[in-house]
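Student: Line by line, the protein sequences give chains A and B.
Quick note on numbering: this note's numbering labels position 188 of the first sequence as 448, and the sequence is numbered without any gaps.
Quick note on numbering: this note's numbering labels position 38 of the second sequence as 298, and the sequence is numbered without any gaps.
Simulated from the structure, these hints should not be mistaken for laboratory data.
Ideal Cβ positions, reconstructed from N, Cα and C, are used throughout, including at glycine.
Wrong hints could be hidden among the right ones.
What the hints assert, rightly or not - Here are a few chain B residues that face chain A, going by a calculated C-beta distance under 8 Å:
| id | residue |
| --- | --- |
| 1 | 377 |
| 2 | 379 |
| 3 | 424 |
| 4 | 425 |
| 5 | 426 |
| 6 | 430 |
| 7 | 432 |
| 8 | 437 |
| 9 | 441 |
| 10 | 445 |
| 11 | 448 |
| 12 | 449 |
| 13 | 452 |
| 14 | 456 |
Stated by the list, open to error - Distance condition first, Cα-Cα at most 25 Å in a straight line; then the derived BS3-like pairs of lysine-lysine:
| id | chain 1 | residue 1 | chain 2 | residue 2 |
| --- | --- | --- | --- | --- |
| 15 | A | 390 | A | 281 |
| 16 | A | 371 | A | 345 |
| 17 | B | 456 | A | 390 |
| 18 | A | 348 | A | 294 |
| 19 | A | 262 | B | 441 |
| 20 | A | 281 | A | 294 |
| 21 | B | 262 | B | 281 |
| 22 | A | 345 | A | 262 |
| 23 | A | 391 | A | 409 |
| 24 | A | 441 | B | 371 |
| 25 | B | 456 | A | 447 |
| 26 | B | 441 | B | 390 |
| 27 | B | 456 | A | 281 |
| 28 | B | 406 | B | 422 |
| 29 | B | 456 | A | 441 |
| 30 | B | 447 | B | 348 |
| 31 | A | 391 | B | 456 |
| 32 | A | 456 | B | 390 |
| 33 | B | 262 | A | 441 |
| 34 | B | 294 | B | 447 |
| 35 | A | 456 | B | 391 |
| 36 | B | 422 | A | 422 |
| 37 | A | 422 | B | 409 |
| 38 | B | 281 | A | 456 |
| 39 | B | 441 | A | 371 |
| 40 | B | 447 | A | 441 |
2 protein chains.
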Amino acid sequence: MKTYSVTIAREYGSGGRLIGKQLASELGIGFYDKELIVLAARESGLHEDFIETMDQKKASSFFYNLYMPYNVVPIPEQIFLAQSKAIKDLAERESCVIIGRCGDYVLGDVKNCVRIFIHAPMEYRVELVKKEYQEGGNSPVEFIRKQDKYRASYYDFFTQHKWGRAQNYNICLDSSIGIAKTVGILKTYIEEYISKAE
Amino acid sequence: MKTYSVTIAREYGSGGRLIGKQLASELGIGFYDKELIVLAARESGLHEDFIETMDQKKASSFFYNLYMPYNVVPIPEQIFLAQSKAIKDLAERESCVIIGRCGDYVLGDVKNCVRIFIHAPMEYRVELVKKEYQEGGNSPVEFIRKQDKYRASYYDFFTQHKWGRAQNYNICLDSSIGIAKTVGILKTYIEEYISKAE
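Can you make the complete structure from the sequences, with help from the hints?
Tutor: Now the structure itself:
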């Protein structure tokens, strides 16, 4: 089988990262989330700690930095370009699962790529965020909505597409059937899609 | 197993109707597309030929009729309400697959309901529309885009939601892997989802 890639975009708390990790393990291919920061750092010359800080700072500083009134490429855009280059190189080099970072858009013209979007009802996500991430405090719904809003803004800004629009992905699903079952369904779809693309 | 419903929204030419029919057959449950017209006719008192004509007239006359300056409920809204009532009654009475007609929105508060959206790349749809429906003439892409535009407008108008927004559905997929394979994946998802919902 030729090299292929799987990109996963996900609502916060839908288990997208856990699903991606399990999927990569079952498919026997690489898994890249934070690991992309190291690759982007090598590409950009920016320090990986700095990229990671920017990655965690989220919406407010992201947009602030994007509109800095200097005659240089703003830092978030530099990071986006470096991550995009790292994702493209990676997808050429090896089969892999890539979490977030507009992977579906970056690999938009790659034939052997399955684009996934994972979402789930709010009550399911609240449970998962409390149990798995110990986050959200007393306002988990507000916390989750804020993370989703950041992800949507980031995606829409850099891609000019709409985050969560079904047609941007090959398969989108509600993961509240559970992580193992979601992985099973996605694995079948990926195998069918890639065998057809070859 | 309790009664359950499956709703299918679909891009024009993605094979959504054929997939729904095959799915209903494999699940051993009812299939409703044009059949809903008869049920809505019984509900509304409008003649089924008239509803069918309205169903086929598409965008221009649809919006024209909706804004008729008479102090009565406009005909398209009467039909929408009658179809919605028919869909709700049907979902209470028996397990079924329902094609189009904003089924996912109409059954929005029903627990035992799997909401599906089917789409596919344009080149796949052009082939299917030519082969299966003998439609589209010399401008199949333009023809397909017009049908999609009508479906999106109808859905967005009556539901105030966004047609094709992944989170409105439980599973959305690109059917270019083929009809039989798409049916297989959807069947597995439906069985998992319904067994969890019970």
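Student: All hints, please: hold or fail.
Tutor: Comparing the hints with the structure gives:
1. 377: Holds: closest Cβ of chain A sits about 5 Å from residue 377(B), inside 8 Å.
2. 379: holds (5 Å)
3. 424: holds (5 Å)
4. 425: This interface hint holds because 6 Å falls under the 8 Å limit.
5. 426: Nearest chain A Cβ about 4 Å off; hint holds.
6. 430: holds (4 Å)
7. 432: holds (4 Å)
8. 437: holds (4 Å)
9. 441: For residue 441(B), the interface hint holds, since the closest Cβ of chain A sits about 5 Å away, which is under 8 Å.
10. 445: holds (6 Å)
11. 448: Nearest chain A Cβ about 6 Å off; hint holds.
12. 449: Cβ of residue 449(B) sits 6 Å from chain A, so the hint holds.
13. 452: holds (4 Å)
14. 456: Nearest chain A Cβ about 5 Å off; hint holds.
15. 390(A) <-> 281(A): holds (20 Å)
16. 371(A) <-> 345(A): holds (17 Å)
17. 456(B) <-> 390(A): holds (21 Å)
18. 348(A) <-> 294(A): Answer holds: residue 348(A) to residue 294(A) is near 16 Å, not above 25 Å.
19. 262(A) <-> 441(B): holds (21 Å)
20. 281(A) <-> 294(A): holds (12 Å)
21. 262(B) <-> 281(B): holds (21 Å)
22. 345(A) <-> 262(A): holds (21 Å)
23. 391(A) <-> 409(A): The given pair, whose Cα atoms are some 22 Å apart, holds under the 25 Å limit.
24. 441(A) <-> 371(B): With Cα atoms ~19 Å apart, residue 441(A) and residue 371(B) stay inside 25 Å; holds.
25. 456(B) <-> 447(A): holds (20 Å)
26. 441(B) <-> 390(B): Roughly 21 Å separates the two Cα atoms, so the pair holds.
27. 456(B) <-> 281(A): Satisfied, since the Cα-Cα distance of roughly 23 Å is no more than 25 Å.
28. 406(B) <-> 422(B): Roughly 17 Å between the alpha carbons, so the hint for residue 406(B) and residue 422(B) holds.
29. 456(B) <-> 441(A): Holds: residue 456(B) and residue 441(A) sit about 11 Å apart, inside 25 Å.
30. 447(B) <-> 348(B): With Cα atoms ~22 Å apart, residue 447(B) and residue 348(B) stay inside 25 Å; holds.
31. 391(A) <-> 456(B): holds (20 Å)
32. 456(A) <-> 390(B): holds (21 Å)
33. 262(B) <-> 441(A): holds (21 Å)
34. 294(B) <-> 447(B): With Cα atoms ~23 Å apart, residue 294(B) and residue 447(B) stay inside 25 Å; holds.
35. 456(A) <-> 391(B): holds (20 Å)
36. 422(B) <-> 422(A): Measuring from Cα to Cα gives roughly 11 Å; hence the hint holds.
37. 422(A) <-> 409(B): holds (17 Å)
38. 281(B) <-> 456(A): holds (23 Å)
39. 441(B) <-> 371(A): holds (19 Å)
40. 447(B) <-> 441(A): The hint holds at about 13 Å.
Violated hints: none; the structure is consistent with every hint.
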